[in-house]
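Take a look at the letters that make up each chain.
There are 2 protein chains.
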Amino acid sequence: MSSAPRPSVGRIPVLGVGPSLEEGRWPAKAVVGEAVPVWATIMREGHDAVGATLVVTAPDGTTTSKPMPCQDFGMSLYRASTIPSTTGDYVFAVEAWSDPVTTWRTVAEVKLHAGQDIQLVLAEGVAVLERAAEQPGRAAADARLLYGAIAALRDTRLDPEARVAAAMSPKVRALLERAPLREWVTRSAQYPLRVDRERALVSAWYEMFPRSEGARYDAATKAWVSGTFATAARRLPAIARMGFDIVYLTPIHPIGTTFRKGRNNSLDAGPDDPGSPYAIGSPDGGHDAIHPQLGTLADFLAFVAKAKKSGLEVGLDFALQCSPDHPWVTEHPEWFGVRADGSIAYAENPPKKYQDIYPLSFDRDPEGLYLAIREVLEVWIRAGVTAFRVDNPHTKPLTFWERLLADVRASHPEIIFLSEAFTLPPMMHMLAKIGFHQSYTYFTWRPTATEMGDYLTELAGASSYYMRPSFWPTTHDILTPDMQSGGAPIFAARAVIAATGSPSWGIYSGYELVENVARPGVEEQIDNEKYEYKPREWARARRLGIAQLLTTLNETRRAHPSLQRMRGLTVHPTDNPAILCFSRHVSAQESPTGFADAVIVAVSFDPFHEQATTVTFDPAAIGLTSGHPFAVEDALTGQTYEWGDTFYVKLGPRTSMAHVAAVRLA
Amino acid sequence: MSSAPRPSVGRIPVLGVGPSLEEGRWPAKAVVGEAVPVWATIMREGHDAVGATLVVTAPDGTTTSKPMPCQDFGMSLYRASTIPSTTGDYVFAVEAWSDPVTTWRTVAEVKLHAGQDIQLVLAEGVAVLERAAEQPGRAAADARLLYGAIAALRDTRLDPEARVAAAMSPKVRALLERAPLREWVTRSAQYPLRVDRERALVSAWYEMFPRSEGARYDAATKAWVSGTFATAARRLPAIARMGFDIVYLTPIHPIGTTFRKGRNNSLDAGPDDPGSPYAIGSPDGGHDAIHPQLGTLADFLAFVAKAKKSGLEVGLDFALQCSPDHPWVTEHPEWFGVRADGSIAYAENPPKKYQDIYPLSFDRDPEGLYLAIREVLEVWIRAGVTAFRVDNPHTKPLTFWERLLADVRASHPEIIFLSEAFTLPPMMHMLAKIGFHQSYTYFTWRPTATEMGDYLTELAGASSYYMRPSFWPTTHDILTPDMQSGGAPIFAARAVIAATGSPSWGIYSGYELVENVARPGVEEQIDNEKYEYKPREWARARRLGIAQLLTTLNETRRAHPSLQRMRGLTVHPTDNPAILCFSRHVSAQESPTGFADAVIVAVSFDPFHEQATTVTFDPAAIGLTSGHPFAVEDALTGQTYEWGDTFYVKLGPRTSMAHVAAVRLA
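Just so you know, the sequences run in chain order A and B.
Residue numbers for the first sequence, in my numbering: 39 to 704.
Residue numbers for the second sequence, in my numbering: 39 to 704.
Calculated from the structure, these hints are not laboratory results.
Fair warning: this is a prediction, and the values are worked out from it, not measured in the lab.
Among the hints, erroneous ones may be present.
Note: identical chains are not told apart, hence a pair may lie in one copy or across any two.
The list that follows gives simulated cross-link-like pairs (lysine-lysine, BS3-like), each with its CA atoms no further than 27 Å apart [what the hints assert, rightly or not]: (1) 688 to 347; (2) 434 to 149; (3) 209 to 104; (4) 344 to 390; (5) 434 to 391; (6) 391 to 149; (7) 149 to 390; (8) 209 to 149; (9) 434 to 390; (10) 260 to 347; (11) 260 to 346; (12) 688 to 346; (13) 390 to 209; (14) 209 to 391.
Whenever a hint applies, use it, and build me the whole structure from the sequences.
Written out as structure tokens, the structure is:
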């Protein structure tokens, strides 16, 4: 048995086409307005010239072509970028071809210079330009210009140099660059490119527990009164003023009471403990229902409307697990695992037991469960939700996500799914490949400048064509040791890296207040909001400066296209391991504004001491040439500096933990 | 328009399968007896166990399976190797599956230890082993063993530990490792693997101009008398004694007289100049003919027979170009390029002209020319030629080679083609991908230890799955500056690296005599054998030691499987940039002998001075553990040393330029 016959390599071989995931097994990803570089290795026998064309087919079937110039002659690498203007499924291919005009021109120049074979050169020029003029599809005006050049080549009244010069005039050259004579055209396979709306790449998320906002302890009843959608909505203008795009609500559904967790994850909840919103489902309903204490569907719709009015999208937590009190448990026991004794399986990580949670089983009635979950999403999409933060997607089958994401995409291509898969790298990447729009990352676990620099470089590389990282300095589940001890300075530094290191980032409410006390022995907040109401005195934020910093960062992100892309990031060496410096750059051709843009970020990782360093800067990383100083303006302080191939920065807790320096480009 | 629908990712996704060239666009390559590692990234949702199986289908359709163990848990990487036993086109695939037995075992061990859910653990064990026993295709004896384990799990007379222990007995484990319970089996695509005979990877070539061997100047006639196949054959026993496998003859065809080149590439050949054998074709015939001065076809057959008797294969130069006197020029002018004035195009690199050479044109009558060339090969294959050294394949279309190589392979799978493509890396690699068995490399242009170490590392990496490098310290066209000045010591050092750094290497006759004088201004021999007879006084070789070294190197290559593979090469740091150290290793499982094998090579790049270094050696590279010294024996000197994590070597022109140290493995 042998494998299927493969097509021939072709007359002008094209190989190594990218971006591609396993030769098109999954699509590469982009958003509207984002430049997608396409590359290919192209070669031919001998020394004659080749050319390459990028052919892009839009979702509506429209095809556009553009030349792919040679980027690296030694490696036979050709490259051009395409900027999709609509959402949908594109395909691209690369065409390689023999370029007889360039071949002739190269030979003609050498021979003319050497005074060799002049008549032959002229005759060969006539022949090749005739082929160009007669090429099918050649516009009449272009053909006229070419015949003019041919006539000049034949004009024996002129000297040979003048005859050849006419055939190489700038006009003729431009024509043949725009519409070249392409012979032996060899086409690559077609590669898929999925284009989403811009928010899929560029977004600032703000996470909140709606029940906390407006919650109050009633001294009379000695009981807590939950916040509601109405009280939570009062916070929306402040979130919008800070410049966020998406307000993400932790689960808003009824919460189970069986094995309910109490404060600080205790097993004995008191009657007044509201329970974790991740223990979804009670007699009041399941994933498609709203916790009665938050309000009604109408109240939720009002919240969404107010958010929209403030310029905010609403994202929901999508946590596919049930409390023992979820209606599905009795209505659809076939959607849960069963233990050998016939009981429904609760969550376990032996010997630990999580009896308040019943994981769903996707294998006993996959079709029934799928349709129910699909309908849950539809309920919230109908209510105006445009983004889902998916809790632990790596604990559900990949086939399930593959189907669900394709399905939602077909009818609601605007919906954004953010994957929360804090697990092994191959799984995190796989979820991105099969369709998640964004992914949480290992950002929080890169505590040093070196580790962070390496990670930024990695994310801006090959994976940037399918995985869109979202950087979160903290979440309701994560408070890393460095964040527990560094106070407001480390909160500031981390926010700067998150906001400028990736086009998507997110903040968990309370960040403004530098909430940094951990429950002993655990890397998460003490008095975790998951288990109790946590109303906040926002007035206290002013003194800490973080809210203002978040505002400035989001403003700066909006002003700078280079901060709205994952690629274009370069880490520059510093001589102090406590300071990270990276630049962000987008060229004029690849910028949605039509103007080049560059920002240089320098951040200290030491929240306790002043640190200084000399940065060895590579100006080529931002499209500048060595030896020419340039002016920058720090978006955080308004101060201006003149920087160049090397520059000195001093950062610290008492002055500023970072520069976010916009480069003044000519 | 959207791209074709792709198959689902599958329940237990398999991705990143290799070795693969663009997902099977071209086959990976191996030879009979060579271990081919196959790898894949495999994952699943949650924490349950997965397993992987490598499925290999041989050319005759026979399918074999073997377990793929997890090699890197963090990267979800699985790996196993297969050793093909016949030539032909194989395919392989990877199956990933849920492993419920391991999942149960892991949970059972933890819960038993914690005294938790004991009855449940026992009942779940029964259920999972029942599934295993009832699996279709389960051998009766295996099923009996499993039912025994199930009975023990149910045996309430025993304590729980004993009941579980019975289900985890070594016998049951071994059975389930050999024939596991595989659920939700997910299969990767099939990937092609082309298997050639061993000589395609492991070969020592010896190049000679047959007309030189036995040529003599006749003082009476004052003219040269050409060597013949008969006189050349006298050299065969010596070549065989040095341990070479293939004697490769530069072109043996009639040589043109029009624009014949004289001594040292001069344009004015004298009547006595024999001409370059690369200017093929005269009234005596073309590529299918023999130069009358060398003999007849019968003489050539006798030469081949003598070679075979000495254990040598015969390789021919395959130079697809013609002298103006080639019969094809008049019989088939359509096989050549035509200039605008109607004349046949000679070779040019403007402003240089090579009027003694007419390149073939593959585009005017591709079918006619193809069939003629195919028949030329058939003539020589019928005459017993088993290898072709292909001159400048990169100047002919890749589609031509793709067709020709597939065609010859179909009827003569034993024929080996060696590509001489000294051009850009992508073309060199492309020729390997589309079917050339071996390739000349940039070996000669890596004059420092660092450059050579990097290059060896590169060749032993990803490209080793399709490109088999052949290392030549010199050829009739190449004499690099370092080889011109370093005398016998550099000839020795280069031979050591060529013979031990790659499983294929080659020597151009005269190397034994340290012929190292270049024509001024050119990196090739003065009085180049291409343009004149060059009989050699072989007796002079003894004094220089190179012939003896070549013999020792070929003997050592035969004795060590690790030198017969491209992979398994590791470069080890030295503290002296003049010394390169690398190890070669093959494990017992991957060795054709069944025994592990390791050789450590240390070579000096300084032919003028003694050099010493400490090598920082990584014993893991040869399957040993750190901290345990090991004994080695130098194949060049017979001396033994005790080496370890670091060792000291001293090399130089007066003692030895290299160690080729066989490691005594337990």
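*Is it within, between, both or neither when you check residue 260 against residue 347 at 27 Å Cα-Cα?*
Close neither inside one copy (36 Å) nor across copies (105 Å); limit 27 Å.
*asked:* Regarding residue 434 and residue 149, is the shortest C-alpha distance of 27 Å or less found within a copy, between copies, in both, or in neither?
replied: The answer is between: 24 Å across copies meets 27 Å, while 69 Å in one copy does not.
*When no copy is specified for residue 209 and residue 149, does a C-alpha distance of 27 Å or less occur within a copy, between copies, both, or neither?*
within (23 Å within a copy, 81 Å between copies)
*How would you label the pair residue 209, residue 104 (within, between, both, or neither) given a Cα cut-off of 27 Å?*
For residue 209 and residue 104, the Cα distance is within 27 Å only inside one copy (19 Å; across copies 65 Å).
_Identical-chain pair category, residue 688 with residue 347, by Cα at 27 Å_ = For residue 688 and residue 347, neither the intra-copy (42 Å) nor the inter-copy (79 Å) Cα distance is at most 27 Å.
_Alpha-carbon proximity between residue 391 and residue 149, which holds within one copy, between copies, both or neither at 27 Å_ = between (84 Å within a copy, 11 Å between copies)
_Alpha-carbon proximity between residue 209 and residue 391, which holds within one copy, between copies, both or neither at 27 Å_ = Classified as neither: same-chain Cα gap 77 Å, cross-chain 32 Å, threshold 27 Å.
*Go through the copies and call it for residue 344 and residue 390: within, between, both or neither, with a Cα cutoff of 27 Å.*
Neither way: residue 344 and residue 390 sit 43 Å apart in one copy and 78 Å across, limit 27 Å.
*Pop the pair residue 434 and residue 391 into one bin, within, between, both or neither, using alpha-carbon distances up to 27 Å.*
within (19 Å within a copy, 69 Å between copies)
*asked:* Within, between, both or neither: how does the pair residue 688, residue 346 come out at a Cα-Cα threshold of 27 Å?
replied: Answer is neither: 41 Å inside a copy and 77 Å across each miss the 27 Å cutoff.
*Between the shortest in-copy and the shortest cross-copy C-alpha distance, which are at most 27 Å for residue 390 and residue 209: within, between, both, or neither?*
Neither way: residue 390 and residue 209 sit 77 Å apart in one copy and 31 Å across, limit 27 Å.
_Identical-chain pair category, residue 260 with residue 346, by Cα at 27 Å_ = Neither. Shortest intra-copy (36 Å) and inter-copy (103 Å) distances fail the 27 Å Cα cut-off.
The structure fails to meet hints 1, 4, 10, 11, 12, 13 and 14 from the earlier list, while all remaining hints are met.
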